Amino acid sequence: DTEVTQTPKHLVMGMTNKKSLKCEQHMGHRAMYWYKQKAKKPPELMFVYSYEKLSINESVPSRFSPECPNSSLLNLHLHALQPEDSALYLCASSQPPGVYGYTFGSGTRLTVV
Amino acid sequence: EDQVTQSPEALRLQEGESSSLNCSYTVSGLRGLFWYRQDPGKGPEFLFTLYSAGEEKEKERLKATLTKKESFLHITAPKPEDSATYLCALQETSGSRLTFGEGTQLTVNP
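Heads up: the sequence lines are chains A and B, in that order.
At position 103 of the first sequence (counting the first as 1) the number is 103 in my numbering, and the numbers step up by one without a gap.
One gets my numbering by counting positions in the second sequence from 1 and adding 1000 to each.
Isolated chain B, as found in the complex (with noise of 0.2 Å):
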């Protein structure tokens, strides 16, 4: 049974101290890993997808990494607009689902 876990579940960061936040997985094969940023309220807003281990993508101040048991979620001087839950999600090869993880809440303070 496919299983993502985050950690942590939540953080607090000082406005400009740089973070990661992790997810690790079991998936008997997996076809993409996705992060999802989400605000209260809001559906997730898609950030990255990662496909193979080695791989690596950036947005502004994310950078998302992938190794065969997780995929980490760093983030360079972060903003109090960061401030959200960040869900991890897998899918695995045989299917169209998406498996997520609990999330972490994240908030940053000016």
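If we strip away everything but chain A, and leave its shape as in the complex, we get (with noise of 0.2 Å):
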């Protein structure tokens, strides 16, 4: 298996909502890593899980909470987002520190209304 699944593949909440973002790899990669794209942009780097434990967190702010329940899961939960926080998310994985690249998913296409 050489996929990183994402799911829902899109979403419309409204900023009262709660929901989460789930990534599911089976690679054996020890690191997951969540990236934030709007359009026509590169994507950005938001948060980094080295062997299950939060390495990097790019000053995101706290209505994005990140979990990695195990080696293969990665969650982005949700809350109180604004209309602005619309934009593609990227999971990616990949073996510590990536030298050999990452795989992302498809992503999960976010509307905040």
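Hints may contain errors.
[Unchecked claim] Straight-line alpha carbon distances no greater than 30 Å define the calculated BS3-like cross-link-like pairs of lysine-lysine that follow: (1) A:53 - A:22; (2) A:40 - B:1079; (3) B:1079 - A:53; (4) A:41 - B:1069; (5) A:40 - B:1059; (6) B:1063 - A:53; (7) B:1063 - A:41; (8) A:41 - A:9; (9) B:1068 - A:40; (10) A:22 - B:1063; (11) A:22 - B:1042; (12) B:1042 - A:18; (13) A:41 - B:1057; (14) A:40 - B:1057; (15) B:1068 - A:22; (16) A:38 - B:1063; (17) B:1069 - A:9; (18) A:19 - B:1042; (19) B:1042 - A:53; (20) A:9 - B:1068.
[As the list claims (entries may be wrong)] So, partial list: chain A residues that the calculated Cβ filter (under 8 Å) puts toward chain B: (21) 96; (22) 99; (23) 105; (24) 113.
Just so you know, the hints here were simulated from the structure itself, not pulled from any lab data.
Since we're looking at a predicted model, the values are computed, not measured.
Beta carbons are placed, not taken as given, at the ideal position from N, Cα and C, and that holds for glycine.
Each chain sits in its own coordinate frame; assemble them with the hints.
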């Protein structure tokens, strides 16, 4: 299995909702990443988990809360988002520290209304 | 601070018209330079990693090269299905994050 699977593919949520994005990989990778991508812009790093521990938080607002329950799963919990948070959210995985490249999922298209 | 600059921003080619995309970079110590292809609404698809100046890698119609200051992605006889955004990213020796360029949007017309 050489894929990173993200669910859901699309999500529309109100500013008072709580929702979660999920990411799963079975490649034995021990580093997992969340990226945010706005239209016609490159991906921006949000969080890095290495060996299930949070190693990088790129000063992301607390309305985004990551969780890594085990080496195969990565979640991103969303609460009280703003319309400007609408974007494509990408999950990626690699063997630490990523020197052989990251494998990205297809992303979750999030719309905040 | 690491910097990655891609040019051109957009490129239109006729089918079969070969060309090159450029990625220039500054970094204190390069661990790897990556090329990705991204289709609209999809995640980036890994193409190549280059580790040291002088290295070259090929895959079908694509060939990536690396010098100490830039990388090129050469596209030979492109087809319409090669239309996508091509992203360059680098990883420095001291960390795990990828720093992405803004990308080159390639359109290949039949």
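Hints versus structure:
{"no.": "1", "hint": "A:53 - A:22", "verdict": "17 Å, holds"}
{"no.": "2", "hint": "A:40 - B:1079", "verdict": "22 Å, holds"}
{"no.": "3", "hint": "B:1079 - A:53", "verdict": "43 Å, violated"}
{"no.": "4", "hint": "A:41 - B:1069", "verdict": "23 Å, holds"}
{"no.": "5", "hint": "A:40 - B:1059", "verdict": "26 Å, holds"}
{"no.": "6", "hint": "B:1063 - A:53", "verdict": "37 Å, violated"}
{"no.": "7", "hint": "B:1063 - A:41", "verdict": "24 Å, holds"}
{"no.": "8", "hint": "A:41 - A:9", "verdict": "19 Å, holds"}
{"no.": "9", "hint": "B:1068 - A:40", "verdict": "28 Å, holds"}
{"no.": "10", "hint": "A:22 - B:1063", "verdict": "35 Å, violated"}
{"no.": "11", "hint": "A:22 - B:1042", "verdict": "16 Å, holds"}
{"no.": "12", "hint": "B:1042 - A:18", "verdict": "24 Å, holds"}
{"no.": "13", "hint": "A:41 - B:1057", "verdict": "26 Å, holds"}
{"no.": "14", "hint": "A:40 - B:1057", "verdict": "27 Å, holds"}
{"no.": "15", "hint": "B:1068 - A:22", "verdict": "39 Å, violated"}
{"no.": "16", "hint": "A:38 - B:1063", "verdict": "28 Å, holds"}
{"no.": "17", "hint": "B:1069 - A:9", "verdict": "38 Å, violated"}
{"no.": "18", "hint": "A:19 - B:1042", "verdict": "21 Å, holds"}
{"no.": "19", "hint": "B:1042 - A:53", "verdict": "27 Å, holds"}
{"no.": "20", "hint": "A:9 - B:1068", "verdict": "39 Å, violated"}
{"no.": "21", "hint": "96", "verdict": "6 Å, holds"}
{"no.": "22", "hint": "99", "verdict": "5 Å, holds"}
{"no.": "23", "hint": "105", "verdict": "5 Å, holds"}
{"no.": "24", "hint": "113", "verdict": "19 Å, violated"}
Hints 3, 6, 10, 15, 17, 20 and 24, counting from the list given before, are not met by this structure.
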